[in-house]
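Student: Protein sequences, first through last, are from chains W and D. Number 367 marks the last residue of the first sequence (our numbering); no jumps. Number 410 marks the last residue of the second sequence (our numbering); no jumps.
Derived from the structure by calculation, the hints contain no laboratory data. Source: prediction; values computed, not measured. Keep in mind that a hint or two might mislead.
As the list claims (entries may be wrong) - In silico negatives: residues of chain W with every beta carbon more than 10 Å from chain D:
hint, residue
1, THR251
2, LEU282
3, PRO355
Said to hold, decoys possible - Among chain D residues calculated to face chain W with C-beta under 8 Å, some are:
hint, residue
4, ASN293
5, TYR329
6, HIS331
7, ASN332
8, GLY389
9, SER393
10, TYR396
11, ARG397
Glycine included, every Cβ here is placed at the ideal spot set by N, Cα and C.
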Amino acid sequence: MKSEEEISRRRGEVSGAVTYEWLTQAEAARFHKDPDNFKPLRASSLVGQQQQRLSDEREGLFSVIDEFNLWRSKPELAEAVAAIKALTAVIQRSEATTMMGLEIDLKKASEALKAWDETSISLSAGCDLFMRYVTRTSALEYEDIVAGKARLIERGEKFGEISLKASPRTNARQTIALLGKDFVQDGSTILTHGCSRVVLALLKLAASNGKHFHVICTEGRPKNSGVEMANQLLSAKIPVSLIIDSAIAYTMEKVDMVLVGADGVVESGGIINMIGTYQAALVAHSMSKPVYVAAESYKFARMYPLDQRDLPLAPCYVHFPGALPESVIAEVSTRDYTPPKYLTLLFTDLGVLTPSAVSDELIQLYL
Amino acid sequence: MGAAMPDLQAAVDDFCTKLRRRQVEGSMDTAKFTALLLRQVISHQRIPPSAQASTLIDAVKSVGLRMIDANRLELAIGNVVRRVLHIIREEDASLETDGVTGINLITDSDDENDGYNIAQSGVSAAAVAAANRSALRAPSLHNLLEWIPSSGATTTVGPTITDPEVRSRSSDKNSRSWKLKHSVIEGVNELLNDIENYHSQVAEQALEHIHQNEVILTQGRSRTLLHFLLEARKKRSFQVFICEGAPRYDGHILAKELAEADLQTTVITDSAVFAMISRVNMVIVGAHAVMANGGVIGPVGLHMVALAARRHAVPFVVLTGLHKLCPLYPHNPHVLLNDMRSPSEILDFGDVSDCLDDTTGGPRLRAVNPAFDYVPPELISLFITDSGGHNPSYLYRLVAEYYSPEDFAL
Numbered sequence: 001m002k003s004e005e006e007i008s009r010r011r012g013e014v015s016g017a018v019t020y021e022w023l024t025q026a027e028a029a030r031f032h033k034d035p036d037n038f039k040p041l042r043a044s045s046l047v048g049q050q051q052q053r054l055s056d057e058r059e060g061l062f063s064v065i066d067e068f069n070l071w072r073s074k075p076e077l078a079e080a081v082a083a084i085k086a087l088t089a090v091i092q093r094s095e096a097t098t099m100m101g102l103e104i105d106l107k108k109a110s111e112a113l114k115a116w117d118e119t120s121i122s123l124s125a126g127c128d129l130f131m132r133y134v135t136r137t138s139a140l141e142y143e144d145i146v147a148g149k150a151r152l153i154e155r156g157e158k159f160g161e162i163s164l165k166a167s168p169r170t171n172a173r174q175t176i177a178l179l180g181k182d183f184v185q186d187g188s189t190i191l192t193h194g195c196s197r198v199v200l201a202l203l204k205l206a207a208s209n210g211k212h213f214h215v216i217c218t219e220g221r222p223k224n225s226g227v228e229m230a231n232q233l234l235s236a237k238i239p240v241s242l243i244i245d246s247a248i249a250y251t252m253e254k255v256d257m258v259l260v261g262a263d264g265v266v267e268s269g270g271i272i273n274m275i276g277t278y279q280a281a282l283v284a285h286s287m288s289k290p291v292y293v294a295a296e297s298y299k300f301a302r303m304y305p306l307d308q309r310d311l312p313l314a315p316c317y318v319h320f321p322g323a324l325p326e327s328v329i330a331e332v333s334t335r336d337y338t339p340p341k342y343l344t345l346l347f348t349d350l351g352v353l354t355p356s357a358v359s360d361e362l363i364q365l366y367l
Numbered sequence: 001m002g003a004a005m006p007d008l009q010a011a012v013d014d015f016c017t018k019l020r021r022r023q024v025e026g027s028m029d030t031a032k033f034t035a036l037l038l039r040q041v042i043s044h045q046r047i048p049p050s051a052q053a054s055t056l057i058d059a060v061k062s063v064g065l066r067m068i069d070a071n072r073l074e075l076a077i078g079n080v081v082r083r084v085l086h087i088i089r090e091e092d093a094s095l096e097t098d099g100v101t102g103i104n105l106i107t108d109s110d111d112e113n114d115g116y117n118i119a120q121s122g123v124s125a126a127a128v129a130a131a132n133r134s135a136l137r138a139p140s141l142h143n144l145l146e147w148i149p150s151s152g153a154t155t156t157v158g159p160t161i162t163d164p165e166v167r168s169r170s171s172d173k174n175s176r177s178w179k180l181k182h183s184v185i186e187g188v189n190e191l192l193n194d195i196e197n198y199h200s201q202v203a204e205q206a207l208e209h210i211h212q213n214e215v216i217l218t219q220g221r222s223r224t225l226l227h228f229l230l231e232a233r234k235k236r237s238f239q240v241f242i243c244e245g246a247p248r249y250d251g252h253i254l255a256k257e258l259a260e261a262d263l264q265t266t267v268i269t270d271s272a273v274f275a276m277i278s279r280v281n282m283v284i285v286g287a288h289a290v291m292a293n294g295g296v297i298g299p300v301g302l303h304m305v306a307l308a309a310r311r312h313a314v315p316f317v318v319l320t321g322l323h324k325l326c327p328l329y330p331h332n333p334h335v336l337l338n339d340m341r342s343p344s345e346i347l348d349f350g351d352v353s354d355c356l357d358d359t360t361g362g363p364r365l366r367a368v369n370p371a372f373d374y375v376p377p378e379l380i381s382l383f384i385t386d387s388g389g390h391n392p393s394y395l396y397r398l399v400a401e402y403y404s405p406e407d408f409a410l
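Pulled out of the complex, with its shape left as it was, chain W reads as follows:
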């Protein structure tokens, strides 16, 4: 109690007539209008792009989408984190003099990002998460825009480490691998569907801990991501076999557990993942095999799909061999929604969660 009174008393002081903070704020606003003080964010980007960007900057047209794409091109960086990085850059650029102004700038940028790729769930999840953080932080704790901005930028940077850095303490993927490795039993057979970096990290860690297990990868049509997964596993010296997608039920009796990644984890506790995941989970459920999901918490998305049609369509070119008459309609969506009742547990960097715990996390954040 005492500490709260103390803090609020100090707050009272700060929000007096003209204070030091107020002056610095005004100072900072002036500073931002000064064109000579513009520093390019990354000196290492391509020259052509740089020039394009600089001209954009002069016109005041900083593109959050370019920024996002630059970050996304880093191999280890997840989409949601790239989005947060891009939004951090927006804060750095913003000339807003109030937190409200900054919020409006950010909101515009995040809307633009989301509109640019409506199908990406982790992109919108990342934007939502960061926006939520900004609204909560700014309103509550910072009257001073400079401090507020600095803190937001610092947090944005730190968030990037979750995906980039190799240290197990901050890296979400490593945390998940550590939590999930015990679920891989010696001598077991694991079915995986699609190509996921988290799943790969988990399996590699389990293998390096001396666990012997066999992985069955599905082919993963139409992008053949399972083949990619199998190659990655083979290079880590993990025994792999490949099956066609339609052999999931045929193979399931040999399987001890199903382990998949996720594009997004939704409010019901279910997941959205590469097409065929629902089917694999259904088969596993009917044969009483556990279905585990490995997903970073920045993939938790604020949506509640009721059925498969509720998802934003993510079409992809599907190659059907042989010439098809024009009248044949091809189903081209590339992901599906797996309801929570078919999932056993989710391994996230927040800990091992039951599907209902995921809903709880999301509700707590957005309530």
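Starting from the structure of chain W, add chain D where the hints point.
Tutor: Chain D in isolation, oriented as in the chain W frame:
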């Protein structure tokens, strides 16, 4: 530490030996002894002026790990150790916020201090409050951006806020460590009280669940179950079927106890569960341990009872105390969390002594006698605990409430 308190070491060794010999068994007794010993550890522990909490945590951990290792199947030991660690962390954090603001008030009123110091301590108070708030919470989306979850959260918080100048000036150094110890011991006492009295709190809820003329089926014998049924008996009359619980035949003892209380009691064989279940209104059982996903470790045969109950859509209710709630997820419960007991409980050696291999002298006949069964959460309808009734899918919330995530892996 070892030299300073030989009595305590002897007591811990004695307890560990008893655990290994299975002289102390059951979640209630093991939990109680563990809490008593840990309380002793805390009261004997010398607390240095710096890193007070981490000294206590280390002491509790080292003793706790020895007890856990002595019998890994008694999950209650680990639960109590984690609960005590959580109490220490909580008390330390609350003292930290109290302490820092207290000091600030002193420095503010002190005219000799320069302005810099005041400003700095003001900032640190807010920072410490924020840090502690997030340190106490389990890692969540909520604080994902504010606080990167780390195993050393509390220990790193400690030194950063103990600004040496401010701290040395305030003379509450000794009183703070005393306060910490005092409040932690108080917390452990409360925990002990909970462990000793949980069954009466569970039993209080009996009338909400058992109705007139109902038929209850149960398996295994537990103190909670007995209290629960007897409490309901005070106002209602109902019938109880009891599985005998081979090979330990706990059911026989429970049946006797219930019959003495003038309850309509029927003993059935374990294999008759399916035949009787269609007449049953509710299955009520006790548990050995409850896992974080809502799965239950109970007496062998419980899974079969749960499956039979599911087949006939009979509610399957588990009575448990919060000290049985384990923050771990079962990886391979049938093997890792099971105790293979002596085969002599099933087969008398005299009867099968001629089943030996003539050439090697080894057995031709094998007997397996597992002590526990794992019941998956989807078969359980309700948990009745000392904090009320909970759905299996809600248990993770209780885990988050009573344990610190950094203690999950000891």
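Student: Evaluate each hint against the coordinates.
Tutor: Results of checking the hints against the structure:
1. Taking the minimum C-beta to C-beta distance to chain D, about 22 Å, the non-interface status of THR251/W holds against the 10 Å cut.
2. Non-interface call for LEU282/W relative to chain D: holds, since the shortest CB-CB distance, roughly 16 Å, exceeds 10 Å.
3. Annotated as non-interface, PRO355/W brings its C-beta within 10 Å of a C-beta of chain D; the closest such distance is 8 Å.
4. Using the Cβ-Cβ criterion of 8 Å, the hint placing ASN293/D at the interface with chain W is satisfied: the shortest such distance is roughly 6 Å.
5. Below 8 Å, beta-carbon pairs count as interface contacts, and TYR329/D has one with chain W at about 5 Å; its hint therefore holds.
6. The closest approach between the C-beta of HIS331/D and any C-beta of chain W is roughly 5 Å, which is under the 8 Å cut-off, so the hint is satisfied.
7. Below 8 Å, beta-carbon pairs count as interface contacts, and ASN332/D has one with chain W at about 6 Å; its hint therefore holds.
8. At a threshold of 8 Å, the smallest CB-CB gap from GLY389/D to chain W is about 16 Å, leaving the interface hint violated.
9. For SER393/D, the interface hint holds, since its Cβ comes within 8 Å of a Cβ in chain W; the closest pair sits about 4 Å apart.
10. Among the interface hints, the one on TYR396/D holds; its C-beta lies about 5 Å from the nearest C-beta in chain W, closer than the 8 Å criterion.
11. Against a cut-off of 8 Å between C-beta atoms, the interface hint on ARG397/D holds, since the closest Cβ of chain W lies about 7 Å away.
Checked against the numbered hints given earlier, the structure breaks hints 3 and 8 and satisfies all the rest.
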